[in-house]
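Chains A and B, in that order, are what the protein sequence lines are. The first sequence begins at 1 in the numbering used here and counts up one residue at a time. The second sequence begins at 1001 in the numbering used here and counts up one residue at a time.
Since the hints were made in silico from the structure, they are not lab data. Fair warning: this is a prediction, and the values are worked out from it, not measured in the lab. Where is the CB? At the ideal position from N, CA and C, for every residue including glycine. Treat the hints with care, as some may be off.
Below, computed lysine-lysine pairings styled on DSSO-like, alpha-carbon distance capped at 27 Å [to be verified]:
id, chain 1, residue 1, chain 2, residue 2
1, B, K1279, A, K233
2, B, K1218, A, K231
3, A, K225, B, K1279
4, B, K1172, A, K231
5, B, K1272, A, K231
6, B, K1172, A, K233
7, B, K1210, A, K227
8, B, K1153, A, K227
9, A, K107, B, K1172
10, A, K167, B, K1079
11, A, K227, B, K1272
12, A, K243, B, K1079
13, B, K1272, A, K16
14, B, K1210, A, K225
15, A, K225, B, K1153
Chain B is faced by these chain A residues, among others (derived, beta-carbon under 7 Å) [unchecked claim]:
id, residue
16, V15
17, V26
18, Q126
19, S138
20, D160
21, R214
22, L218
23, K219
24, E221
25, P223
26, V235
27, V248
Label pairs and their calculated CB-CB ranges [stated by the list, open to error]:
id, chain 1, residue 1, chain 2, residue 2, range
28, B, Q1287, A, A29, 22 to 28 Å
29, A, T217, B, G1295, 43 to 49 Å
30, B, S1205, A, N147, 25 to 31 Å
31, A, E221, B, A1171, 42 to 48 Å
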Amino acid sequence: MKVLVAVKRVIDYNVKIRVKADNTGVETANVKMSMNPFDEIAVEEAIRMKEKGAATEVIAFSAGPAQCQETIRTALAMGADRGVLVQTDAELQPLAVAKLLKAVVDKEQPGLVIVGKQAIDDDSNQTGQMLAALLGWSQGTFANKLNVADGSVEVKREVDGGLENIKIKMPAVITTDLRLNEPRYASLPNIMKAKKKPIETLAPDALGVDVAPRLKTLKVEEPPKRKAGIKVKTVAELVDKLKNEAGVI
Amino acid sequence: MGVLVVAAHDGKAVRANVANAVTAASQMDPDVTVLVAGSNCDDAAKSAASIAGVTKVLQADDAAYANWLAEDIAPLVVKLAPNYSHVVMAADSVGKNIAPRVAALLDVAQVSEAIQVVSPDTFVRPIYAGNAMATVQTADKIKIVTVRPTNFKAAAGGGSAAIEKIGGEGAKGLSSYVGAELSKSERPELTSAKIVVSGGRGLQSGENFKMLETLADKLGAGLGASRAAVDAGYVPNDYQVGQTGKVVAPDLYIAIGISGAIQHLAGMKDSKTIVAINKDEDAPIFQVADYGLVGDLFQLVPELTAAIEKK
Ligand SMILES: Cc1cc2nc3c(=O)[nH]c(=O)nc-3n(C[C@H](O)[C@H](O)[C@H](O)COP(=O)(O)OP(=O)(O)OC[C@H]3O[C@@H](n4cnc5c(N)ncnc54)[C@H](O)[C@@H]3O)c2cc1C
Ligand SMILES: Cc1cc2nc3c(=O)[nH]c(=O)nc-3n(C[C@H](O)[C@H](O)[C@H](O)COP(=O)(O)OP(=O)(O)OC[C@H]3O[C@@H](n4cnc5c(N)ncnc54)[C@H](O)[C@@H]3O)c2cc1C
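Work out the full structure: start from the sequences and follow the hints.
This is the structure in C-alpha cells:
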C-alpha cells in the first residue's frame, strides 16, 4: 500500500508574524519557513507504517512555489521515498489544494492519505475533509491514534469531550492531531540521502485543476491589542482587585 | 433564502454553542432554520425550537445519524443546502469535521472560524494564531461558514419554532462508530464557563493539577491547560486551550505555570480579565495579563484558594 502525505511550507511557528503595512497580508519576505508541524506528524506516521510493513511506499506532496521543494526534501530526509510538487505561485485555498491532491491520488492510487488537521498559517482546518469528500472516501480527522487492519483503520479522534473511536473503510483520508506521535529529526546521513530521492514537478494545468481562489481577501489587519496590566505583590491584593476593580469574583 | 444552521446535540438537547451560531446566522439572514439530525432526537429538536430567532427546525431521524459520522451527515446537509444562502456550524470538533466535507461536495469554499459577520458575504476570521485578522469575501452561491461561538452572544430562549420532520439518507457504510472515552467532569464546560483556571508545564505532574481543581471548584470554574501539560499527560486532550485546541473567552482566565506562547494566547486572549501566576517575571503571559503575580505557584495557589470565599 502506498501512503501519500501532504506537507505544507508555512512560516515557522516560532516566528512572530507581522501584518504588512498595506494590509494585503502578512510579511513573508526573509522569515524562516518550515514544514507545518501537523504535517511532520503526518510524515512520521506514514514512515512508521512503512517500518512496520503496513505501507510499501511513502510519497510526500506539496503545492506552492518552487521553494516547497525544501519542504519535500525535509520529508524525504525523515524517510519518505519520493516527492510530488505541484508548482504554482498562485494563492492556493483549501478547496484548490484538495483538488490537486485528488488529481495526484487518482494517479498514484494510495491506500491512505495523511494530512495535517490544520496549517498553522491560515488555520483553515479544511483540506483533508475536502479531499475525502472529493474522493468519496471515509475520513478520520484529528487522529490521536491509528491502527490499520484488514482494509480498515481504527482511528482514535481528539474531540470536544475527550476521545472518540471510529472504524473507517480504506482507502481513507486521515488528519493528524498533536498527540498522534512525536516526529523524528532527520539524521545527517538521511539528509544527504534525501538529496538523491526523486521529486516530480507538475503544473496545476497539467492535472486539469482550476486553482483560482474562491475567497477574496479584502484586507488583513493587526488584532486589537490588550492594554498592559499591572503586577500585584500579594494574593490579598490580587483578590481585592478581582473583587473590587474587575468585579469578576 | 435563509440560513441553515447544522446543530450538534447529545440527543437530549442541542449544544449550548448552537445558540451562539444562531446569533451569527441571523446576522447573515434573519430567516434561520436549524437542522437537528440524529437518532431519536425529539428532545434535541425541541430544544432547538426554543432558541429565540429560529424560524423553523428540521428534524431528520435516522439510525445512521446517531453518532454524527461526517460521511453520513454530509450528504443530508448537501441535499438541503440548495434551499439556503448559507450553511452555518459552530467551529467545534463536530463543525470542523463536517462543514469542509459539505463544502467540497458542493464545490464551494468554506470560511473557517468567522468571528464577525461584516455583511452576508463578508466575514472576519483570525489567521496565524490570531496574530492577524483577515476580512474575506465569498462569491459562492451557497456560503459555508463555521463561526467561533465565543465571538457571538448566545441567542435567548423562549422561542417556539415549528418542527418539521424530514427523512434521513441512510448510512453510506464508509465508517462506523466504536465508542468514546469522554472525560468526566462536574465542572462547567471549558468553552462556556464564566471562569477558567488553566495550568501548564509549571505544574510538573497530573497529581499537582488537583491543586487547580480545588481552586476551580471554589470559583465554580472550568479547568483548562496548555499543550505542554496535555502532551505530558497531566490532563486529557480536551483540556487544551489554544490555536489548535479550544478557544475560550471567559470573564476571568487564570493562567498558572503557563509561559504564554503565541499558540496558547490564541485560545484565551479575548478573555475579559486575565490573571497570570508565574515565577518568571519576564514570562510572555504577563504581556497580556491584567493582573500578574510573580512567584512560586506551589505557594501562591493554595494561598489564593484559601483567600477566595466559596461560591
Ligand atoms: C491574506 C492571505 C493571503 C495569502 N496569500 C497567499 C499567497 O499569496 N500565496 C500562497 O501560496 N498562499 C497564500 N495564502 C495561504 C493560502 O490561502 C492557504 O495556504 C490556503 O488557504 C490553505 O489553507 P490552510 O493551509 O490553512 O488549509 P488547512 O486545511 O488548514 O490545511 C490542512 C492540511 O492540508 C495540507 N495542505 C494545505 N495546503 C497545502 C499545500 N499547499 N501543500 C501541501 N499540503 C497542503 C497540509 O497537510 C495541511 O496540514 C494566503 C492566505 C491569506 C489568509
Ligand atoms: C503546531 C503547534 C500547535 C500548538 N498548539 C498549542 C495550543 O493549542 N495550546 C497551547 O497551550 N500550546 C500550543 N502549542 C505549544 C506552545 O508553543 C507551547 O509549547 C506551550 O503552550 C507551552 O506550555 P506551557 O506554557 O505550559 O509550558 P512552558 O513554556 O514550559 O512554561 C511553563 C511556565 O511555568 C512557569 N513555572 C514553572 N515552575 C513554576 C512554579 N513553581 N511557579 C510558578 N511558575 C512556574 C515557568 O516560568 C514557565 O513560564 C503548540 C505548538 C505547536 C508547534
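Going down the list of hints, with the structure as the test:
Distance restraint check for K1279 of chain B and K233 of chain A: the Cα-Cα separation of roughly 12 Å lies within the 27 Å cut-off, and the hinted pair is therefore satisfied. Proposed proximity of K1218 of chain B and K231 of chain A is supported: the alpha carbons are some 24 Å apart, at most 27 Å. Between K225 of chain A and K1279 of chain B the CA atoms are separated by roughly 24 Å; this keeps the pair inside 27 Å, and the hint holds. With a C-alpha separation of about 58 Å, the suggested pair K1172 of chain B and K231 of chain A falls outside the 27 Å cut-off, and the hint is violated.
Between the alpha carbons of K1272 of chain B and K231 of chain A the distance comes to roughly 17 Å, so the proposed pair stays at or under 27 Å and holds. Restraint check for K1172 of chain B and K233 of chain A: the C-alpha separation of about 61 Å exceeds 27 Å, so the hint is violated. Under the criterion of a C-alpha separation no larger than 27 Å, the hint pairing K1210 of chain B with K227 of chain A is inconsistent with the structure, at around 32 Å. For the proposed pair K1153 of chain B and K227 of chain A, the alpha carbon gap of about 23 Å is at most 27 Å, so the pair holds.
Distance hint between K107 of chain A and K1172 of chain B is fulfilled; the C-alpha atoms sit about 25 Å from each other, no more than 27 Å. As the CA atoms of K167 of chain A and K1079 of chain B are separated by approximately 25 Å, the hinted pair is consistent with the 27 Å bound. With a C-alpha separation of about 12 Å, the suggested pairing of K227 of chain A with K1272 of chain B holds against the 27 Å cut-off. Under the criterion of a C-alpha separation no larger than 27 Å, the hint pairing K243 of chain A with K1079 of chain B is inconsistent with the structure, at around 52 Å.
Between K1272 of chain B and K16 of chain A the CA atoms are separated by roughly 24 Å; this keeps the pair inside 27 Å, and the hint holds. Of the supplied pair hints, the one linking K1210 of chain B and K225 of chain A is violated, its CA atoms being roughly 33 Å apart against a limit of 27 Å. This hinted pair checks out: K225 of chain A and K1153 of chain B have alpha carbons roughly 22 Å apart, not beyond 27 Å. Given hint, V15 of chain A at the interface with chain B, is violated; its Cβ is 9 Å from that chain's nearest Cβ, farther than 7 Å.
For V26 of chain A, the shortest C-beta to C-beta distance to chain B is roughly 6 Å, which falls under 7 Å, so the interface hint holds. Nearest Cβ of chain B to the Cβ of Q126 of chain A: about 4 Å, under the 7 Å cut. The hint holds. Hint status for S138 of chain A: holds, given a least beta-carbon distance of 4 Å to chain B, under 7 Å. Taken as an interface hint, D160 of chain A checks out: its beta carbon lies about 5 Å from the nearest beta carbon of chain B, inside 7 Å.
Nearest Cβ of chain B to the Cβ of R214 of chain A: about 4 Å, under the 7 Å cut. The hint holds. For L218 of chain A, the suggested interface contact is upheld, since its CB lies about 4 Å from the closest CB of chain B, less than 7 Å. A distance limit of 7 Å between C-beta atoms decides the matter here; for K219 of chain A the minimum to chain B is near 5 Å, and the interface restraint holds. Interface restraint check: E221 of chain A against chain B, minimum CB-CB distance 5 Å, threshold 7 Å, status holds.
Checking P223 of chain A against chain B: minimum C-beta separation of about 5 Å stays under 7 Å; hint holds. Using the Cβ-Cβ criterion of 7 Å, the hint placing V235 of chain A at the interface with chain B is satisfied: the shortest such distance is roughly 4 Å. Evaluation of the V248 of chain A hint against chain B yields a held restraint, the C-beta minimum of about 4 Å falling below 7 Å. As the Cβ distance of Q1287 of chain B to A29 of chain A is approximately 26 Å, the hint placing it in 22 to 28 Å holds.
Between T217 of chain A and G1295 of chain B the beta carbon distance is about 44 Å. The supplied range of 43 to 49 Å therefore holds. Distance hint check for S1205 of chain B and N147 of chain A: the Cβ-Cβ separation is about 29 Å, which falls inside the suggested range of 25 to 31 Å. Hint check: E221 of chain A to A1171 of chain B, Cβ distance near 45 Å, so the stated range 42 to 48 Å holds.
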